[in-house]
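Protein chains in written order, with numbering that gives the first Met the number 0: chain A, 0 to 369; chain B, 0 to 374.
Keep in mind that the hints are not guaranteed to be accurate.
[As the list claims (entries may be wrong)] Some chain A residues close to chain B (C-beta under 8 Å, calculated; not the full set):
#, residue
1, GLU16
2, LYS47
3, ALA48
4, LEU52
5, VAL53
6, VAL90
7, GLY352
8, VAL361
These are calculated hints, taken from the structure and not from any lab test.
Built from N, CA and C at the ideal position, the CB exists for glycine as well.
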Amino acid sequence: MTQGAPVRGQVAPGVTETQVGERIEQMRRRPQRFRDERVTMAHGAGGKASRALVEGLIVPLLSNPALEQLSDAGLLTVGGSRLALTTDAYVVRPIRFPGGSIGELAVNGTVNDLAVSGAEPLALSVALVLEEGLEAGVLEAEITAIAEAARGAGVHVITGDTKVVERGKCDTMYVVTTGIGLVPAGVSLAPGLVRPGDKVLVSGTIGDHGIAILIARGDLDLEADVRSDTQPLWTLASALMATCGEGLHCMRDATRGGVATVLNEIALAAEVGIVLEESRVPIRPEVIGAGEILGIDPLYVANEGKLVAFVAPEHADAALAAMRALPSGQDAAIVGEVRDEPPGRVLGRTSFGGHRLIDMLVGDPLPRIC
Amino acid sequence: MRFVDEFRDPELAEILGREITALCEPGRHYKIMEVCGGHTHTIYRYGVQDHLPDNIELVHGPGCPVCVIPMGRVDDGIAIAEKDGVILTCFGDMMRVPGGRGSFLEANARGADIRMVYSPLDALRIARDNPDRQVVFYAIGFETTAPSTALTVLRAAQESIENFSVFCNHVTIIPAIKAILDSPDLRLDAFIGPGHVSTVIGCRPYEWIPRDFGMPLVCAGFEPLDLLQSVYMIMKQFSEGRAEVENQYARVVQYDGNPVALKVLSDVFSLRPFFEWRGLGSIAHSALQLAPKYAHFDAEVRFDLPGVRVSDPKACQCGEVLKGVLKPWECKVFGTACTPETPIGTCMVSSEGACAAYYNYGQYAKQRLTLEVLK
Chain A
0 MTQGAPVRGQ VAPGVTETQV GERIEQMRRR PQRFRDERVT MAHGAGGKAS RALVEGLIVP
60 LLSNPALEQL SDAGLLTVGG SRLALTTDAY VVRPIRFPGG SIGELAVNGT VNDLAVSGAE
120 PLALSVALVL EEGLEAGVLE AEITAIAEAA RGAGVHVITG DTKVVERGKC DTMYVVTTGI
180 GLVPAGVSLA PGLVRPGDKV LVSGTIGDHG IAILIARGDL DLEADVRSDT QPLWTLASAL
240 MATCGEGLHC MRDATRGGVA TVLNEIALAA EVGIVLEESR VPIRPEVIGA GEILGIDPLY
300 VANEGKLVAF VAPEHADAAL AAMRALPSGQ DAAIVGEVRD EPPGRVLGRT SFGGHRLIDM
360 LVGDPLPRIC
Chain B
0 MRFVDEFRDP ELAEILGREI TALCEPGRHY KIMEVCGGHT HTIYRYGVQD HLPDNIELVH
60 GPGCPVCVIP MGRVDDGIAI AEKDGVILTC FGDMMRVPGG RGSFLEANAR GADIRMVYSP
120 LDALRIARDN PDRQVVFYAI GFETTAPSTA LTVLRAAQES IENFSVFCNH VTIIPAIKAI
180 LDSPDLRLDA FIGPGHVSTV IGCRPYEWIP RDFGMPLVCA GFEPLDLLQS VYMIMKQFSE
240 GRAEVENQYA RVVQYDGNPV ALKVLSDVFS LRPFFEWRGL GSIAHSALQL APKYAHFDAE
300 VRFDLPGVRV SDPKACQCGE VLKGVLKPWE CKVFGTACTP ETPIGTCMVS SEGACAAYYN
360 YGQYAKQRLT LEVLK
């Protein structure tokens, strides 16, 4: 790739590769527009199309300052207390998979959205959409899974709803959970607080959940012992907050779109560059292997029990030690660094010793993963 | 991971990079085309270019299966899928390829039943499981994927699965390379040969390239070290004044190819007189169709199709990119109107497409200069 090479063909004379790159940067930063005639599966994949749907259609119509933060949870102040509110719908297929099930996922996913917002989970609501003909035993198993996960996360389900739809109008069952949490005084976490010099930490091996689901579907004749990583992250998040104080700038849970999408969101929101040292990212050999066979990059695969933390450099080692001291963070690693340049971009130093751009997810390699 | 990491060793890469640099003639610029989209993907995914000196330029070739599918063939696929009771199956990359009437993904949103499969045998299984539906496999790819389609047709015939058919878009690599060499606006120095295609056809079919054009061709594997070693072998040929077909991918490719696969191909398929390639136009004897003996499994025979030729969007310069005349970023619409999420041209769709690979992984020329190793 030569920079500023002489221009041929129909490019405007004098335009260099650098200028084309800058034009693309401008395009990327434009407000998202939703121009599709219909919703496609790509809109649910957590990548660029999802971003266009949310930022181009939904947020403008519901516009308010709390929503426009586009955080994992919305924040509101009530009588001097800061509350965090979050909601999530779970449509995973199959509903049971190695390492978890839809009920457990629905509790942990919502608890984790609160946790990475710095909020201690207080209570959950659960709404169930059930398909006509669902076996009572299957339903009971999922309610039990919800109860156990709630106990594990230290929350109660204090309200709920059930609806039944005709056979074929939903796939077995869908679960919607809403969580409310309390942000302790003095805690301040936001993408905008991330600054050059910060270290990027992940709390453990990545890609486990997405690959586990894919294998559990059995469409691929692929066998590997990969289990979903679904687990609550509040203990880990609160340990990080206690260890780093104001040195902890932001946390995200790397669900749909994976770690790569989280890094891109933060890079864009904080106007910083992020460099990822690919060889330092913890990934199980089975996940690497499945990814190699299927042509899927684990950086883009969903996790359900892993967070990404942005920490001031002087706190990074303590943060790593605090994470590794907990079972939910035993494989944690420092995987990258925040830079001034290039703003809004994530670069990878590949294990081969080269460099590449790590962009947001496009398309839909794994539908209905959570 | 064993059997993978060995082929991605950064220290060996550095050594090879130095040796390649030492073989360069000062002041000379080398243009080497990697024919295969899989190579393009590896080059960008691992930053292979970072180990090469600036005067070796890798030019991306036409060997990306979805990139060469013309819009009319996408529309034909949608027309099949919209018929009553049809399940159309295809590889994942095909889902987002734009035709004149949108992509397969959009056709699904309108009510079609188009499913992603990882193998044509999965399509056959869907046919077996849905005896009251017509199941069509939208076959794409070069000689790499054609044998698996052929075997699936044979299996369908054996089991008399009558509700299965194939919409065949298989193409062959040699006519595409000929078309590129005949293109007046491109000066190349050498080829990195397509490794997977060569596992089937072997290395002999390339011998006319060094003989008639004086250019080295090295069949290469798909790991980053494979590519660096192939560049090294090409540079070695230059430095010794040779132009030959060489086989870097000897752990997989046999010089005479795979006779069993070739036999199956010649049994099941016949050459089409002409086939339209995206951006390259109509090329004689460049594609396969089901042989008369298997015509009852041919979706083009089974279904009434529009078969309309749809011209490429005016702004799209995929043809120039496929021929290596333009670098992806030199296309007028690259990265602005044409992006991986809203592709205008096919090169922007598959991760093997030159534009998508460059857009997703590559465009950091400016940043790379300031990038240092993370301590």
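Each hint tested on the structure:
no., hint, result
1, GLU16, "holds (5 Å)"
2, LYS47, "holds (5 Å)"
3, ALA48, "holds (6 Å)"
4, LEU52, "violated (11 Å)"
5, VAL53, "violated (14 Å)"
6, VAL90, "violated (17 Å)"
7, GLY352, "holds (3 Å)"
8, VAL361, "holds (4 Å)"
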